[in-house]
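So the protein sequences, as listed, match chains A and B.
Take 49 as the starting number for the first sequence in this note's numbering and just add one per residue.
Take 49 as the starting number for the second sequence in this note's numbering and just add one per residue.
Hints were generated in silico from the structure; no laboratory data involved.
Please note that the accuracy of each hint is not assured.
Where chains are identical, the list cannot tell them apart; a pair therefore holds if satisfied intra-copy or between any two copies.
For lysine to aspartate or glutamate, the following DMTMM-like pairs were computed, each having C-alpha atoms within a straight-line distance of at most 20 Å [to be verified]:
id, residue 1, residue 2
1, Lys603, Asp182
2, Lys590, Glu559
3, Lys103, Asp561
4, Lys224, Glu279
5, Lys224, Glu335
There are 2 protein chains.
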Amino acid sequence: MRIALAQLNQTVGDIGGNEQRILARLQEAREAGAQLVLFPELAISGYPPEDLLLKEHFLADVGASLERIAAHTSGIVAIVGYPERSVDVYNSAAVCADGVVQAVYRKVNLPNYGVFDEVRYFQIGPGGASIEVDDVPVGLTICEDIWQPGPPLTDEALAGARVIVNISASPYEARKGRQREQMIVQRARDNLAAIAFCALVGGQDELVFDGHSLVVDHRGEVIARSAQFAEELLICDVDVASAGATRLRDTRQRAPARLAQLDVAALGSFVTDGTSDEGRPGGPVAELLDDEAEVYAALVLGTRDYVRKNGFEHVVLGLSGGIDSALVALIAVDALGPECVTCVTMPSQYSSSGTRNDAIVLARNLGVELIELPIGGPVIAFEQILRDVFADRPPDITEENLQARIRGNLLMALSNKFGWLVLTTGNKSEMSVGYSTLYGDSAGGFAVIKDVPKTMVYRLVAERSRRDPKSPVPESIVTRAPSAELRPDQRDDQSLPPYEVLDAILEGYVEEDLGREQLIARGLPAPDVERVIRLVDLAEYKRRQQPPGIKVTSKAFGRGRRLPITNRYRG
Amino acid sequence: MRIALAQLNQTVGDIGGNEQRILARLQEAREAGAQLVLFPELAISGYPPEDLLLKEHFLADVGASLERIAAHTSGIVAIVGYPERSVDVYNSAAVCADGVVQAVYRKVNLPNYGVFDEVRYFQIGPGGASIEVDDVPVGLTICEDIWQPGPPLTDEALAGARVIVNISASPYEARKGRQREQMIVQRARDNLAAIAFCALVGGQDELVFDGHSLVVDHRGEVIARSAQFAEELLICDVDVASAGATRLRDTRQRAPARLAQLDVAALGSFVTDGTSDEGRPGGPVAELLDDEAEVYAALVLGTRDYVRKNGFEHVVLGLSGGIDSALVALIAVDALGPECVTCVTMPSQYSSSGTRNDAIVLARNLGVELIELPIGGPVIAFEQILRDVFADRPPDITEENLQARIRGNLLMALSNKFGWLVLTTGNKSEMSVGYSTLYGDSAGGFAVIKDVPKTMVYRLVAERSRRDPKSPVPESIVTRAPSAELRPDQRDDQSLPPYEVLDAILEGYVEEDLGREQLIARGLPAPDVERVIRLVDLAEYKRRQQPPGIKVTSKAFGRGRRLPITNRYRG
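Chain A on its own, in the form it takes in the complex:
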């Protein structure tokens, strides 16, 4: 059986554009002789459409688009994800064949944890469903359905499905792709069925979908795999006869089948024009990226899609001569090209010639425009206004924040005047403990590395340098002690534990929801644990006003971590 998996980069709300991409891939799949073509979860609306799903007219527009898509299915069966307005609303997969929507499967397992809010929008589907495509029984599932080891997947397999289809929109986090693949391999082995997993790809606000579609045969062998982080139409032949033969020999399913009360709807039998050739089953198998390259690719794609899908062509960022802004500049150039990136250096009296020179060298190596805007004038002007009201109070954090906000104001002025999107450069470690200035260095439209811990910042820059023989990053940027240069001889890590310790505490506290005692039991120093927890808790109000950025860890600040600002609990 020949299956086509259309790994698409859809845009939320762009019903017309999404439809065009679906139709183009449908045509390609037909020309490739596919019998069955799969499109990702909610492919027509994009994922996640959030409260667009509360608009009747949006759902009606999606429904009309589905009808148009179905009209193009002749000689092929297409499974298309969309939000379905029926008596209630469902996260559904339409079975399109012979020019019409023949039936729908409705997602059973609705995730409502982490970044997911599907119970907010959808009614739960009634159970499993299967179709026959050229006499091959095919079970249908949507995303979370396959993350559960039980029904509807098991029901469909016990009812005879030789191929299980899963259409998905599974947000990226580091190493999740490999775990997802392992899980699917195990499901195939457990259910003695081939699994075709068709994934969404692309950036959507804080989420990146990593693609990584694949086909696993009933033995658990990965026989086809799409590239990560790119659109692709993956064509794969599946040996369904062999899967059937295996079930005669391997009778593990007999006991559960005897006991089961199967809940599987038969949604019809369809005949196609496609044919599997008689060669070896399988398709192209893309190599997987290693850990750092994967995160870097996610950041590049997430940045490119946020910029482009929001209608921007050009970005601007402050280049301090430090490693964080260097990484953001690298990502921006890789995402958009150097001609679409402007860097700005905004020296003050505390800026060193070293950082300033490094910024110049980096910008030159990257081939990006560099603007220099010294901030001394406004600093003096503000100090004059505030002199009386501040009276004889000594300088403190106020004067540091003032400088950072003058820089934010300058970047925003460039943004307003030239229509550029401001990229901010703060990392997750800083964001966690509140080491940033609201409306200052955090002012901007997209926070590229807000979910990248500082230790990973170093690893990503090293990774990028390894891949590029003429590395654009001056070594002094990597080796210099970090400083915001907002007062004489400032060093960021003097008031914090070393980044290795800081990031270990943050991983436990933020990503794993562990408490003080549990972190100390891990061997982390008690005073550091106390201090960092307190800083993280008190910075919640700052994080609430940050721009969105790309989730790459298991828990990013934003939709995946929802803590009150007003909160007296410490730890």
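Please arrange chain B on chain A, whose structure you already have, making use of the hints.
Below, chain B alone, put in the same frame as chain A:
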């Protein structure tokens, strides 16, 4: 039967403080002879605790607190709301009597719409439950349980409950209190049972809980009612004998009782030291506020609680001489007292003497400090820096935003130096269409009137003036055409439809999720509808970086309205 309803102002995460408030009211209730005392939903943790519920140690601390509270229950039965860690996590009501936790009821209906995310945190409870208090059968429910006309409420009544208890944390919106009361009245009549509704009160980030606890007898008469927006221990005697007698006469329940498969757990019988006196049933019945007074009171309480619960003593705001900042100043003074409010006027070359004088008069009338910080110096300094890079481009929105951000920077400098919280002054109409400057007028910790439409701003100022014989607001503030005074002769409403039309469009589009066609069918002008929808959609990125503010409408920007930034759907 004598019931005490403890309408408490709890703080999220403040387990120790919440426990102390519960114990104090428990003692008062006992001294008042109550047999049963009720505390609100999640009274120990505060509501909503959000992702604190993902911390094992937090749930353990709550459990320990519950044990300590239960130890104080002798001679009285206490129903205490708390998050329960069992095999899974439940939103539970503990039945505390004779010094221990005797049993728990687990909430059945978990809201996961609007501002609610309860399915993210809680497992669904198995069904209804009842206890006997001095031989009176009492059914237990939690918040959303009573908003459903069916089980568990109906099951408990059919199983014999004469009194239904509901412990609640129901967020305020305009006119919701009256609707809630009507609903409870109807439930009492439908179920031939008295209902004791014990509500949370107080501000928590974007939510205000309005209190308004009440007791309704089995005929649907409101026999006791707490004040709105204030803590109170409401004591009420319920005539349970009469409710029982009614069921002999009124046999509507026989038919459903015969058919029902009741799902009600019997959680025990308890004997107390309390006694209802032999006088008339009932308790104090507070008057309800009218519509404008209610919204104003919500804003005052929400502001006071956000400021105080977050550890601030003093607030600062920019006073422009316009009506929005005048309203925020009034609310701040009513919430905190004039000695805790500083106003700042920051004139530019475009400021009129009229607005400046009005700001001075208003500040004097309110008795608050007024600081004047003219922004001309920084404006010139910024223009000098940017002259070369802006070259010969004409002035545009950039220069306007620059001024607004200089003002934001000044307010934040005062905040940093003196530890004051910055209140922002933008209203919902502006927030909707994006008429504000990110990091400028929107810079601050709390956006008091972000959910108040402009037409309501005028009504609230009028309402406040009616109540105060020597109204502090100069008439010219009310009558002057609105302007941000960021360029010569600017008027806010020149580029927008009149506020009556604007707010009608926004109510339909934002609160009711209607589309273009539906709004035009309501008689709203098509060009205005098109324009406003477009502006609302494009301002999503700005709203994402706003400070929190108080929800007073049916749908506020923030947790109740979740739209993607990256979104190509228009309308």
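To see whether the hints hold, each was checked on the structure:
Neither within a single protomer nor between protomers do Lys603 and Asp182 lie at most 20 Å apart by alpha-carbon distance, with minima of 44 Å and 50 Å respectively. Within a single copy, Lys590 and Glu559 get their C-alpha atoms as close as 18 Å, which meets the 20 Å cut-off; across copies the closest is 27 Å, which misses it. With identical chains, the CA atoms of Lys103 and Asp561 are at most 20 Å apart between copies only, with a shortest distance of 5 Å across copies and 35 Å within one. In this assembly of identical chains, Lys224 and Glu279 lie within 20 Å of each other by CA distance solely inside one copy; the values are 19 Å within and 49 Å between copies.
Taking identical chains as interchangeable, the C-alpha atoms of Lys224 and Glu335 lie at most 20 Å apart only when both belong to the same chain, with a minimum of 15 Å there against 57 Å between chains.
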